[in-house]
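Novice: Read top to bottom, the protein sequences are chains A and B.
Heads up, the first sequence stops at 368 in my numbering, and the numbers go up one at a time, no gaps.
Heads up, the second sequence stops at 298 in my numbering, and the numbers go up one at a time, no gaps.
Rather than coming from a laboratory, the hints here were simulated on the basis of the structure.
Please note: incorrect hints may appear among the correct ones.
[Said to hold, decoys possible] Here are some chain B residues pointing at chain A (derived, C-beta under 7 Å):
hint, residue
1, 39
2, 182
3, 276
4, 277
[Unchecked claim] Chain A regions said to be covered by chain B (calculated; three or more residues, Cβ under 8 Å):
hint, stretch
5, 181-189
6, 205-216
7, 249-260
8, 336-345
[What the hints assert, rightly or not] Okay, the calculated bits of chain A under chain B, using three or more residues with CB under 8 Å as the criterion:
hint, stretch
9, 100-107
10, 114-120
Cβ coordinates follow ideal geometry from the N, Cα and C atoms, glycine included.
Spelled out, the chains give:
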Amino acid sequence: MTSTARRALDRVPVRLRRLLPSDLRADLRHRSGLTVPGDLAYRATPPRPAPGERTGPPDFAVLGAAAAGSRWWLSLIGDHPDVAPGHDSAAAAHFFDPYCTERFGPAEVATFHAWFPRRPGRIVGFWSPDGTAHPWVPPLLARAAPRALVVVLVRDPVERLLDGLDRTADARPAHPGSYLADAVDRGCYADQLAHLFECYPPGRVRVLQYERCVADPVGSLAATFEFLGVDPTYRARPLDPPAAAPRAAGQLDPDTLERVRDLYAHDIRALADLVPDLDLSLWPSAVAPG
Amino acid sequence: MEPPAALRRVLRRLPAPWQSALLHARGDYAPWEDGFDITPPEPGPDETVGPPDFVGVGVQKGGTSWWYELLLEHPGVYARPGIPKERHVLTRFCTDTFGPAQVAGYHGWFPRIPGTITGEWTPDYFAYPWVAPLLARAAPDARLLVLVRDPVDRFRSGLTFRLRSGAPNTSSTVADAVRQGYYARHLRRLYESVPAERVLVQQYERCRADPAGELAKTYAFLGLEPFDPPEIGREINVSQGGKLELDAEARARLTALYRADTMELAELVPSLDLSLWPSTSGGRPRDVGAPT
Chain A
79 MTSTARRALD RVPVRLRRLL PSDLRADLRH RSGLTVPGDL AYRATPPRPA
129 PGERTGPPDF AVLGAAAAGS RWWLSLIGDH PDVAPGHDSA AAAHFFDPYC
179 TERFGPAEVA TFHAWFPRRP GRIVGFWSPD GTAHPWVPPL LARAAPRALV
229 VVLVRDPVER LLDGLDRTAD ARPAHPGSYL ADAVDRGCYA DQLAHLFECY
279 PPGRVRVLQY ERCVADPVGS LAATFEFLGV DPTYRARPLD PPAAAPRAAG
329 QLDPDTLERV RDLYAHDIRA LADLVPDLDL SLWPSAVAPG
Chain B
7 MEPPAALRRV LRRLPAPWQS ALLHARGDYA PWEDGFDITP PEPGPDETVG
57 PPDFVGVGVQ KGGTSWWYEL LLEHPGVYAR PGIPKERHVL TRFCTDTFGP
107 AQVAGYHGWF PRIPGTITGE WTPDYFAYPW VAPLLARAAP DARLLVLVRD
157 PVDRFRSGLT FRLRSGAPNT SSTVADAVRQ GYYARHLRRL YESVPAERVL
207 VQQYERCRAD PAGELAKTYA FLGLEPFDPP EIGREINVSQ GGKLELDAEA
257 RARLTALYRA DTMELAELVP SLDLSLWPST SGGRPRDVGA PT
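Just need the whole structure built from these sequences, with the hints factored in.
Specialist: So, in structure tokens, the structure goes:
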């Protein structure tokens, strides 16, 4: 029934679906049992391990930030022959979503581990673009994968904000305040990293700057491979980031841009203390205008 | 415009998102919704407009409707009937231009008659970091009010309220409910734009225990004469029905999530009495109703 309804819905052209407000689309999904990753009622069954594979806690995690290149970087990591595939499953990415308000015990830990099959000699990773922005995720990940190595990508927060808003404009709800607050807060990396460091020692966390990855993908990827304990000399397939579409919303006027930059000034200073090798010259937001 | 009675009866039978969709089709939007027309009302013959004298900025489900009504009971406070408690005007200007025309538009939402003060209480403002700089620009002399409540109790009430109001049952809705309880983070940001002496932070639980004493503090902070409103203890807008059930293990994790922030809040607000908060005192959770 559900799969029939899902197939029927999939046949509805996207443009037609978007005629309905996002809140109504979500309500229809819930009533039809058509939950998707991100819905709290969504539950997926982990894949059955293939012969020769074993499951267990992920060896590494890439925790956002959203619209900061984490998916691109994960795809490059996943190209390495010593990294097991299946690392970018949306179902696994949203695994922790319901457990802010629900019990997270040994059974849930075991289910989480089942999402990470790998053959001997290979490592496997967890990816979540919400992993640092949803504060209940790092403590749960630390419980389920205490020895994981964690990679976090950060990007100029104003650029991240504007791109993030542009990419999610279709999902803007009728009540925009919480949507905008979420978008702003995702760029407050220092608050998120301070929380992450309560769950993982700083030595197990590598913070990468998106702009540096773009400028020097080979060197940055080699450093990432080295951090993850796989052969750093491996050269991944084409390294360029996905081409950025021009922002539909256009540019901010100077006064508004300054206001938005000021939102992050305190957090950027705190981030520079937490991540001493951060190169603030790569972030227009951190560079005083004119 | 209020929908006709027959439509209201139909709406009550529908799930919240469909109620909203039908109202939107008629052009009816709530102040917090994108489609709401923020053109201010025309001032009456005896009224003038200007920046608000006070703005309640937090927190959602922290007793703010009750406290706002008590403010309006004071003869020195003016509120024109029909103008909502929560203006939400500043919600819109995160990345939108906020120049002199927008400042004037905001002022237009605050008509008052001579000899009175006026203001609003939009509890969501506290968690919207772009609002404090806008307030500093549009209402530089306003006094700001914050009612805080045990963050875990607030989370339960806030999430229950949002889901009943039609918010999608997604991790984003939960994340928003969690975010609202990081009081110290929000207050720290507020203090970057507004001096601490122009902000009064009170505790909902203390207001419940001693409404007359706490209200006297609020009136005094706003420069109002002492006044004893009738029915001071009668809370309004208390949510009906059960609240989200939290598993004990999940509750303990939420308490841990808020611990560092709550300790920082206690430093920022020395008068805070953490023994009133079950999540920090180790006490049993109390069902104290679900105010707004």
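Novice: Take the hints in turn and mark each one as holding or not.
Specialist: Against the structure, the hints:
no.	hint	verdict
1	39	5 Å, holds
2	182	4 Å, holds
3	276	22 Å, violated
4	277	25 Å, violated
5	181-189	holds (count 3)
6	205-216	holds (count 5)
7	249-260	holds (count 11)
8	336-345	holds (count 5)
9	100-107	holds (count 5)
10	114-120	holds (count 4)
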